[in-house]
Structures are given as C-alpha cells and as structure tokens.
Amino acid sequence: MSATELVRTARMKRDSGIGKQVRKVLAVVALPIVLIVTWWFSSAGSQNFFFPPLEQIVTAFQPTWFTGAIETEVLPSVWRLLGGYLVAGVIGIGLGALLGSSPVLRAFTEPALEFLRAIPPTVMIPILILFLGIGAEMRVVVIAIGALWPILLNTIEGVRAIDEVLRDTARVYRLTPMMRFSTLILRGASPQIVTGARQGLSVAIILMVISEMFAAQDGIGFTIIRFQKSYAMPEMWSGILLLGVLGIVLSLIFKLFESISLKWYFGLRQSQRGGN
Amino acid sequence: MTISDSVSVQSPDVLLQVRGLRKTYEVRNDPIEAIRRLTFDIHAGDLVCIVGPSGAGKTTLLRSLAGLLTPSGGSAKLDGEEIVEPPKGMAVVFQEYARSLFPWLTIAQNVALPLKAQGVDRATRAEKTAKALEAVGLADVAKRYPWQLSGGMQQRVALARAVAYEPRILLMDEPFAAVDAQTRADLEDLVRNLWHRLGLTVLFVTHDIDESIYLGQRVLVLSNRPTEILDDIAINLPDERDQLTTRNEPEFARLRAEVYERVQQAKAGRRPGDAA
Chain F
1 MSATELVRTA RMKRDSGIGK QVRKVLAVVA LPIVLIVTWW FSSAGSQNFF FPPLEQIVTA
61 FQPTWFTGAI ETEVLPSVWR LLGGYLVAGV IGIGLGALLG SSPVLRAFTE PALEFLRAIP
121 PTVMIPILIL FLGIGAEMRV VVIAIGALWP ILLNTIEGVR AIDEVLRDTA RVYRLTPMMR
181 FSTLILRGAS PQIVTGARQG LSVAIILMVI SEMFAAQDGI GFTIIRFQKS YAMPEMWSGI
241 LLLGVLGIVL SLIFKLFESI SLKWYFGLRQ SQRGGN
Chain A
1 MTISDSVSVQ SPDVLLQVRG LRKTYEVRND PIEAIRRLTF DIHAGDLVCI VGPSGAGKTT
61 LLRSLAGLLT PSGGSAKLDG EEIVEPPKGM AVVFQEYARS LFPWLTIAQN VALPLKAQGV
121 DRATRAEKTA KALEAVGLAD VAKRYPWQLS GGMQQRVALA RAVAYEPRIL LMDEPFAAVD
181 AQTRADLEDL VRNLWHRLGL TVLFVTHDID ESIYLGQRVL VLSNRPTEIL DDIAINLPDE
241 RDQLTTRNEP EFARLRAEVY ERVQQAKAGR RPGDAA
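If you read the sequences in order, they're chains F and A.
Each residue of the first sequence is one higher than the one before, starting from 1 at the first, in full-length UniProt numbering.
Each residue of the second sequence is one higher than the one before, starting from 1 at the first, in full-length UniProt numbering.
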C-alpha cells in the first residue's frame with residue numbers, strides 16, 4: 001500500500017491533558033452542584049409544609065427506601081418498566097422493519113397507525129383494566145403501548161433510509177433472508193432505532209409512574225402517591241428524587257449500549273466531516 | 001479456467017448472451033425508452049469494456065444484466081440461464097464504493113459476507129478473505145472499517161470482495177469514476193492483473209475512452225438514449241499493458257481517435273445502420 005493511500009490513523013491523541021479531563025468533568029457536574037446547593041440553602045429553615053428543607057428530604061431518603069422498599073416497591077416498578085419496554089422494542093423493531101421494507105404495507109397501514117398513535121396511552125388504562133385487571137399485565141401493556149410508537153416510527157424511517165446501493169449489494173451477493181434482516185436492515189437502521197429507543201425509554205418511565213397511580217398495590221409511583229395522601233412531604237419528595245436518580249442510571253446504561261452498538265456510525269460521521 | 005486472450009478461438013463458450021434487451025421506464029404514465037435493443041455476447045475469460053456518452057443508459061444496462069432491474073423485453077442469459085434476479089456467481093463492483101461497503105462491518109467481514117451467505121465454512125472463508133485482500137494489497141487493514149480508508153482503498157475492498165466470491169462474471173459500473181487520476185491508474189492495472197491471474201470474465205462499463213481501450217480486449221460503443229450498440233471494436237494491443245508504454249503506442253493513439261470519433265457521433269445522435 002502506498003503512502004499516499006494511508007489515511008487518518010489516529011486522531012485520538014488530542015484530548016489527553018489532565019486539565020482537559022478535569023474541565024470535562026466540571027462541565028458535566030457544575031450545574032447540578034449549583035442547583036443542589038441553591039436548593040439546600042434556599043430551603044434551609046423552610047416553614048412551608050409542602051416544601052420541606054432539602055436536609056429533611058435527604059434524611060428521610062435512607063429510612064424510606066433502604067429498609068425494604070427497594071424490594072417491595074422499586075424492583076416491581078423496574079421489572080414492569082423493562083418488561084413493557086422490551087415488548088415495545090421487539091414489536092416496534094420487528095413491525096418497523098416489515099413496514100419500512102414495503103411501500104405497499106406502509107400505505108395500507110399508515111392511516112390506522114396515525115389514528116392509534118394519536119391516542120394517549122393513559123386513556124387506555126381504564127379500558128385495559130377491564131380486560132387485564134389491575135395486576136402487573138395491565139401496567140406492562142400500558143408501558144409497551146406508549147414506548148411502541150417512537151420505536152416503531154423511527155424504525156420505519158431508518159429502514160426506508162437504508163442506502164439503495166447497499167440494498168443492491170445485498171441482492172447481488174445473494175444474502176440469505178436472515179442475513180438481510182440482521183446485517184442489512186437491523187444494522188442499517190440502527191441509528192434511527194436507537195433514537196426511537198431513547199425516546200421510548202423516557203415515555204416508558206413516565207408511564208411506569210402513571211400506571212401505578214391507578215389501583216396499584218406497589219411501585220414507586222404508588223408509594224409517592226401514598227406519601228402525598230398521608231402528608232408525608234419529605235418522604236414524598238425523596239420518592240421524586242429517587243425517580244430522578246433512576247432516570248439518570250437508565251440513561252447512563254442506554255448511553256453505554258449506544259456507544260458500543262453505534263461505534264461505526266459515529267466513526268463514519270466523523271470521517272465524513274473530516275473529509276477524505 | 002484458462003484465458004483465451006485476444007486470440008480468437010473458433011467457438012468460444014458464450015458466458016453472457018444478450019439478445020434484443022429492452023428497457024422502458026414509466027415515469028408518471030410517461031414511457032421513457034432507456035434501452036432500445038442490445039445484442040452482444042461475452043465469452044468466458046473476456047475483458048470487455050462498454051463505453052458511451054453520459055446519459056447513455058450505461059447504469060440501466062448494467063443493472064438489467066445484474067438482475068436488479070427487470071427488462072421490458074429481450075433476454076440476457078448467463079451460462080444459458082435467463083437472468084431474472086441476481087444470479088449465482090455474478091459479482092458487481094459499483095461506482096459508489098463508499099455506499100456499497102457495509103460501514104458497520106470490518107474490511108474482512110465485508111469481504112467474507114458473500115461467502116457466508118453461500119454457506120462457506122468459517123475456516124475457508126477466512127482463508128479466501130485473506131487471499132483476496134492480499135491480492136489487492138490490503139492485507140494489513142483487514143480489521144479496520146471502510147470509513148477509515150481512502151476512496152481508492154475502499155474500491156480495492158469492493159474488488160477484493162468480488163474476487164473472493166470467485167464469480168463466473170464480474171460486472172463493473174464506472175468503478176473508478178470517483179477516485180483521483182493516480183489511484184485510478186493503479187486500480188486499472190490491478191483489474192488487468194487480477195483478470196490475468198485469476199482468469200476472470202469482466203464486463204467493465206465506463207465513460208472514459210482511454211480507460212476502455214487500456215483495459216479491454218473489446219470495446220462496445222453505445223449510442224445515445226434510447227441505447228443501442230453502435231460499434232464493437234477489437235483492441236489489438238499487446239497483452240502486457242503498462243500505463244506509460246501502452247498509452248504511448250501509435251496503435252493506442254489510433255484506437256483512441258477511433259473510439260473518440262464514434263462516441264462523438266453517438267453524442268450527435270448517430271444510430272446503428274447510419275454511416276459511421
């Protein structure tokens with residue numbers, strides 16, 4: 001290989017200085033720290049019953065959640081969340097791949113999809129209670145219905161956007177249907193699928209909480225409502241904090257998955273920006 | 001397979017037989033005649049170039065031969081079998097190299113993919129992939145991704161993928177139109193070299209007159225749209241070709257003038273049967 005053909009080896013060396021690393025970390029944590037400090041001091045000595053001092057909320061956190069509530073309230077919520085999210089993912093990606101590949105099917109189903117998408121999943125709860133009762137299934141289904149739409153619609157778009165030349169290549173080299181699905185369709189649409197999955201995750205978290213506000217026996221949302229009804233304000237606020245923390249943890253896990261599965265995509269985009 | 005180079009054999013086996021191929025598009029109920037009538041043969045071991053003015057329907061022709069488009073009439077047969085979908089043992093190198101490689105697969109995975117689709121076992125796949133990459137001079141980038149390579153190198157990968165597939169016929173659609181002149185000369189020599197060493201059969205579509213003469217044993221000149229074949233010119237240059245000496249030969253200059261004139265006439269609208 002000639003030297004002229006050698007291209008861009010590593011441009012990774014630039015972000016190496018310790019000072020740069022420190023600044024990076026600071027950029028991430030600076031605003032949260034400012035907000036927490038502001039909250040702490042502005043609420044200190046608060047006499048307002050509904051807005052207790054942050055100190056009280058933090059003190060209430062440990063006994064409220066770490067004395068068994070993780071198992072009895074938090075884990076059931078998380079399992080229902082993951083269950084509904086998984087169902088939405090499988091159906092959304094599977095159906096999306098199918099609809100994205102077929103203009104006929106798409107034209108056929110589009111009006112129905114538009115209609116169904118316009119229905120807020122929360123209004124389905126009373127109806128679902130009639131069919132599924134008030135157990136975990138109903139909540140899982142509500143979460144799945146809500147998270148389905150962003151995943152489904154983004155997958156359809158992603159599959160439609162797969163490069164024509166790449167499709168031709170797959171046909172010319174006679175990839176098997178299984179390989180076409182896994183190597184061409186799924187990977188080709190993965191940037192949009194991940195976008196849909198990220199939106200779906202936030203919807204799923206919201207619906208997890210809301211679904212627990214109807215006729216529930218356990219769950220984070222249920223517990224927060226219970227505290228609210230019994231005027232246990234610091235405990236109620238600690239539940240809201242817990243939801244925030246759960247959201248951050250899930251989003252970090254998601255980011256990790258994204259950076260692994262879309263490594264090629266970020267590299268490709270960077271090389272396109274850099275030019276050849 | 002042995003190469004029956006330039007020497008005209010009495011009854012060489014016809015590998016690709018094209019008879020009265022037609023293609024008419026429907027654009028909003030408005031029929032557009034892209035290909036009127038194409039008839040030609042390619043024999044096993046041939047390296048034939050098709051040259052024509054831009055907009056002569058070269059890509060339509062190639063896509064029809066590759067089984068990616070359904071012709072409106074006539075027939076194209078590979079080894080006596082009608083081409084209705086991409087046939088077994090046909091490899092295609094597209095002009096858009098960056099779009100025909102799978103950006104989420106490494107170079108080695110890209111080359112091995114068609115073999116995997118054929119059910120070739122892992123060990124053989126690895127061996128053939130390594131050999132093909134070696135043949136195009138890219139053994140050392142097997143673990144990289146396409147977007148980490150220059151345009152010329154990416155097109156080499158596409159060529160390696162085609163070669164590893166051990167095709168009965170290799171179709172190339174203006175494969176070097178988008179690389180710089182220096183790289184282009186290297187790639188042309190690589191094609192001649194691979195054709196020689198591996199006994200390939202190659203149909204090479206280009207708009208570049210010099211390229212068609214330098215590479216081919218025969219040059220087919222296409223007319224304007226609707227496309228027909230105007231001329232079938234034998235290239236009687238020595239089999240050993242060299243960028244410097246071959247292009248300086250009087251015969252090369254004569255052929256260039258001849259093909260150039262035919263292409264100019266094609267642009268001006270000459271049809272088959274008109275006086276050349």
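Don't read these hints as lab results, they were simulated from the structure.
Do not rely on the hints blindly, as some may be mistaken.
[What the hints assert, rightly or not] When the alpha-carbon atoms are kept at most 30 Å apart in a straight line, the in silico DSBU-like pairs for lysine-lysine are as follows:
| # | chain 1 | residue 1 | chain 2 | residue 2 |
| --- | --- | --- | --- | --- |
| 1 | F | K263 | A | K88 |
| 2 | A | K77 | F | K263 |
| 3 | A | K77 | A | K88 |
| 4 | A | K77 | A | K143 |
| 5 | F | K263 | A | K116 |
| 6 | A | K128 | A | K77 |
| 7 | A | K128 | F | K263 |
[Stated by the list, open to error] Between beta-carbon pairs, the in silico distance windows are:
| # | chain 1 | residue 1 | chain 2 | residue 2 | range |
| --- | --- | --- | --- | --- | --- |
| 8 | F | T72 | A | Q118 | 49 to 59 Å |
| 9 | F | E157 | A | Y260 | 32 to 42 Å |
| 10 | F | G94 | A | Q118 | 50 to 60 Å |
Built from N, CA and C at the ideal position, the CB exists for glycine as well.
When the structure is checked against the list of hints, which entries are broken? Sort them ascending. 1, 2, 4, 9, 10
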